[in-house]
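Asks: Single-letter residue listing:
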Amino acid sequence: MPFRNFILFSNIQSFEIALGIVPPSENQGLAEKLILPLVAKGDEAAMKRCIDSYGPLVWSIVCRRINERVDAEEACQEIFTEVWRIAGRFDSKVSKESTFIGMIARRRSIDWQRKQNRLPALANLDSLPELSTPSTNNLHSIDRSELWNILNELPSDTLNLFSLHFEKGLTHDEIARQTKLPIGTVKTKLRRGLIEARKLLKEFNNGEGVAQ
Amino acid sequence: MSMDETLARFEELDAGRVLGDLTSEETSEWQILVTDMEDVHSIELELLATELELKHVQPCDLSSSLSNKIADTIPAFSNKNINQPATQIISILPWLGWAAAACLLVFFNLPTGDDIQNVSAELTQAKTELSDKEKTIIELESAKQELAKLNEKLSSELLTESGKIDALNNQIAKLTEKLPLLQKFESLIQDESDTQRLEFASASDPYAGLSGEVIWNDEKQEGYMSLENLAVNDPTKNQYQLWIVDPERDELPVDGGVFNITQKDGKSIIPIRNALVINKPVAFVITLEQPGGVVKSKQEIVVALAKS
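Quick mapping for you: the protein sequence lines, in order, are chains E and V. To convert, note that position 81 of the first sequence is 81 in this note's numbering; the numbers rise steadily by one, no gaps. To convert, note that position 32 of the second sequence is 32 in this note's numbering; the numbers rise steadily by one, no gaps.
FYI, nobody ran anything at the bench for these hints, they're computed from the structure. Given the structure is predicted, the values throughout are model-derived calculations rather than measurements. It is possible that part of the hints are untrue.
[What the hints assert, rightly or not] In silico EDC-like pairs for lysine to aspartate or glutamate, Cα to Cα no more than 20 Å straight-line:
(1) K267(V) / E228(V)
(2) K55(V) / D143(E)
(3) K178(V) / E228(V)
(4) K199(E) / E5(V)
(5) K189(E) / E26(V)
(6) K69(V) / E153(E)
(7) K202(E) / E12(V)
(8) K202(E) / D72(V)
(9) K55(V) / E153(E)
(10) K184(V) / E222(V)
(11) K69(V) / E78(E)
(12) K280(V) / D246(V)
(13) K41(E) / D72(V)
(14) K189(E) / E12(V)
(15) K199(E) / E289(V)
(16) K69(V) / D71(E)
(17) K69(V) / E44(E)
(18) K280(V) / E192(V)
(19) K55(V) / E78(E)
(20) K189(E) / E11(V)
(21) K267(V) / E199(V)
(22) K115(E) / E25(V)
(23) K55(V) / E196(E)
[To be verified] Negatives, chain E to chain V, calculated, CB over 12 Å:
(24) L34
(25) P37
(26) R118
(27) K180
(28) G207
[Stated by the list, open to error] The following label-pair restraints were derived from C-beta to C-beta distances:
(29) E29(V) / T185(E): 18 to 28 Å
(30) Q178(E) / D132(V): 44 to 54 Å
(31) A45(E) / A126(V): 37 to 47 Å
(32) D132(V) / V70(E): 27 to 37 Å
(33) L200(E) / D72(V): 39 to 49 Å
(34) E134(V) / D157(E): 57 to 67 Å
(35) K144(V) / T81(E): 45 to 55 Å
(36) E25(V) / D157(E): 21 to 31 Å
(37) G184(E) / A126(V): 39 to 49 Å
(38) D157(E) / M3(V): 23 to 33 Å
(39) T185(E) / D132(V): 47 to 57 Å
(40) A45(E) / E29(V): 37 to 47 Å
Quick reminder that beta carbons are idealized off the backbone N, C-alpha and C, glycines included.
Chain V extracted, bound-state conformation (with noise of 0.2 Å):
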């Protein structure tokens, strides 16, 4: 486009927002080419409109409400009266009608341009918080779904953990149960040097496994077992029962006292309860009896055997 071809269509641009007939294209047209129009761009087309449809203007003087109204908007008379001289008095008084009216109005309460205005802003701004109240809310709805979600894994997380700390506090518990036995075992082993010690081997099929030891100490009258890879028993069905082959003292086995294995994996240390005094034990023998053990033996099933 030539720069005359533009300036022409700016000026129809121009001229058709003086007449008010522009469009929203044509608007935002407008607003471009002006930019590049300072030079050129004047109000006489305005003024003339002005001037032509003022011809016709017949004016129709403002109500008082109004023009008291208009007064009012203006910064500087908002908080002053314009005095009127006392002779005007008969002259308002065909205004009182209108000034009755306008009581009316305000009786009433009736919306000014103003009220709707506003009360259409307050709308509007109540809208929006409503809206930013819903947004929240919905927010709030959605991290609180996710708190719950992760409530529910970390309790469940919880449980598991509190399983194995008990787990573990059963194993600590055992451990230290089993620690001063352990102690025991190893002082009889070290500070006493005419201690016993043998070695378990499995006396049938079923505890093929199985291994340990046995130390005694004849003078103490004190000796353990030690004992790894024995099967778990029921105490409600069977005991493993010690017996002692101390062939000075009687042909017949004494008993070592009867006890439980209740732990698969580890070791297990078990104290020899002797019922009688041993003089020179030549043998150590475990048997399967029943609850509570037996006092003789039928060594029906035999679970192991240390001997000298």
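Just chain E, with the same shape it has in the complex (with noise of 0.2 Å):
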């Protein structure tokens, strides 16, 4: 049984959240109240809340990805350490704490995957941009719905392969065989359509100027 789909609530709000009931960026909001700035100046107080805080988001991406138990918890504790490693590096005029946690989570999880599949790791972040390197997408401001509305002008096929990798996170495989795409094309639609997207959003930020 794969374990994403093993979800334990612990208390009302993340029942109410998981069904929807309450959304998940008011409970987002909670947690974007930069916590990240006091766990680089080492505050180990701030760095148990961000665990709180973050944890059950970085959870749910981690089991996204990886099935088994124990690895997704070692994964998890990772994804965490690099966390408290790489905090400096967090900008709030670039993204969203949770996006920035969620952007290495998501790595984290990746990179294991391709490790089970005996695949070369990607770059860490250490061999990236700098993370502060002004966007032009304002995607900090931009809030997720309204993004999503941004990329309904992509065409049908990729909203399509998008809403299946991102929503309900199957792999390229899976999505190959669900649409009957080859699976190179499904790659390369993808691909191509997350480099239209950041264009749209482009597009979107220069013509109306939305929380510039």
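Starting from the two chains in their separate frames, assemble the complex, guided by the hints.
Replies: As structure tokens, then:
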């Protein structure tokens, strides 16, 4: 049984979130009180709050890709170690805290999957561009629902692939089986769709000046 | 490939990296291209992909055991516990089940990911050490065989050299034995002016190569033979015997003693052991006789003759 289906609800709030009664964004609102700058200063209590606040988010991202509980727990530990290590690179002008931590969780989980498939790990965060590089897309100030609305201009088949990949968390192989598209086509459409999405977002920001 | 094409290729690979679908070859290609794309490379795609995913992620709480485990992983938390307010005792009751499960896990010492990784690392290290030790054993076995061969060769050479040393020792012993006789021989010639000196000549064909001389001093009743190229005799079958012809004393030759030739090469010095006093010898005759010699020779085998 895939572990991603094994979701534990330890309190009412997360139970409500899981049922969609309370939107995740509201919960994120509580967490977005910039804990990372304190973590970057070595504030242990802040780190504990960070684990409490973002642990559920990280755990969910990990469980979308890693089925074995032991592996998922280990990946979770690695992710928070990474957060502790590079918290100083977070810039609230570039992204939300949840996006920053989510990005680390996502990358670590992908690397874990690649390791299982004997593929080389992708570049670590240290070798990538400065995280504080100003983004032209203002992702930090765009609501996630609004983002998906902007992307509605993408071709319908690309949106369908986005939905299967980002929403339902299917792998490329699973998408290829479900859509009956060749795996190469799925890869190419997802890659080019992501590049196109970035372009649309840039056009949206330039055209409408949202949240400048 | 033009700059635009390179940029397009890099962006596609970077999108693949963000989506986690790069093959090994594409990963290598991305690593090469990224060094030239530092100016245009950003994390926008990665942040965008994360935003798209987070929209649909439904957070679910961590178990307290995992939460604690994560806290323990962070270096600053490893030695400290975060104080929990007393009012939270009731709220942690639902976690007691998890705590009990965690205790059971500890009790049964079930391996965690860290344990497995540690054991795996230890296993790898042990395999490496084993492999190294096997190589060392093979090398030692090879060295042992080389040593055995060397030992065998040296033993053989030692045996040969020992044989040579024995032969040299024998030669030295013989020379040492011969030395006093040689000194006496030389002394009798040099110190005594009236010493008689006669050359031997072979007396029959089997001894044609024989050469040598005999010296005799009447006053001292002392004399020696110096013989070369005389055949080695087998003392159990026959012995050489010297006869001294002294007409003034007797018509019959006087026994000068029996002797053996023990070496083929070199000069043999034989002292004369005259049984009777010799007055004026005129000839010396060597015959081959039965072991122990004879009182009166039939002179059936005359070996050599020296006469004045």
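Asks: Next pair to validate is K202(E) with E12(V); report whether the Cα-Cα distance is within 20 Å.
Replies: With a Cα-Cα distance of about 18 Å, the restraint between K202(E) and E12(V) holds, given a limit of 20 Å.
Asks: Could you grab the alpha-carbon distance between K69(V) and E44(E) and see if it respects the 20 Å cut-off?
Replies: Holds: K69(V) and E44(E) sit about 15 Å apart, inside 20 Å.
Asks: CA of K267(V) to CA of E199(V), is that 20 Å or under?
Replies: holds (14 Å)
Asks: Sort out whether D71(E) lies within 20 Å of K69(V), counting only the CA atoms.
Replies: holds (13 Å)
Asks: That 45 to 55 Å hint for K144(V) and T81(E) (C-beta), does it hold up?
Replies: holds (51 Å)
Asks: Taken at face value, is the distance from the CA of E78(E) to the CA of K69(V) at most 20 Å?
Replies: At roughly 11 Å apart (the allowed maximum being 20 Å), E78(E) and K69(V) satisfy the hint.
Asks: Please verify whether K199(E) and E5(V) have alpha carbons no more than 20 Å apart.
Replies: Given that 20 Å is the threshold and the Cα spacing comes to 17 Å, the pair holds.
Asks: Run the distance test for K189(E) versus E12(V): straight-line Cα separation, threshold 20 Å.
Replies: holds (10 Å)
Asks: CB of A45(E) to CB of A126(V), is that within 37 to 47 Å?
Replies: holds (42 Å)
Asks: Would the least Cβ to Cβ distance between L34(E) and chain V come out above 12 Å?
Replies: holds (17 Å)
Asks: Check whether the Cα positions of K69(V) and E153(E) lie no farther apart than 20 Å.
Replies: Roughly 44 Å between the alpha carbons, so the hint for K69(V) and E153(E) is violated.
Asks: Against chain V, does P37(E) hold up as non-interface, every C-beta pair farther apart than 12 Å?
Replies: holds (16 Å)
The structure shown violates the earlier hints numbered 6, 8, 15, 19, 26.
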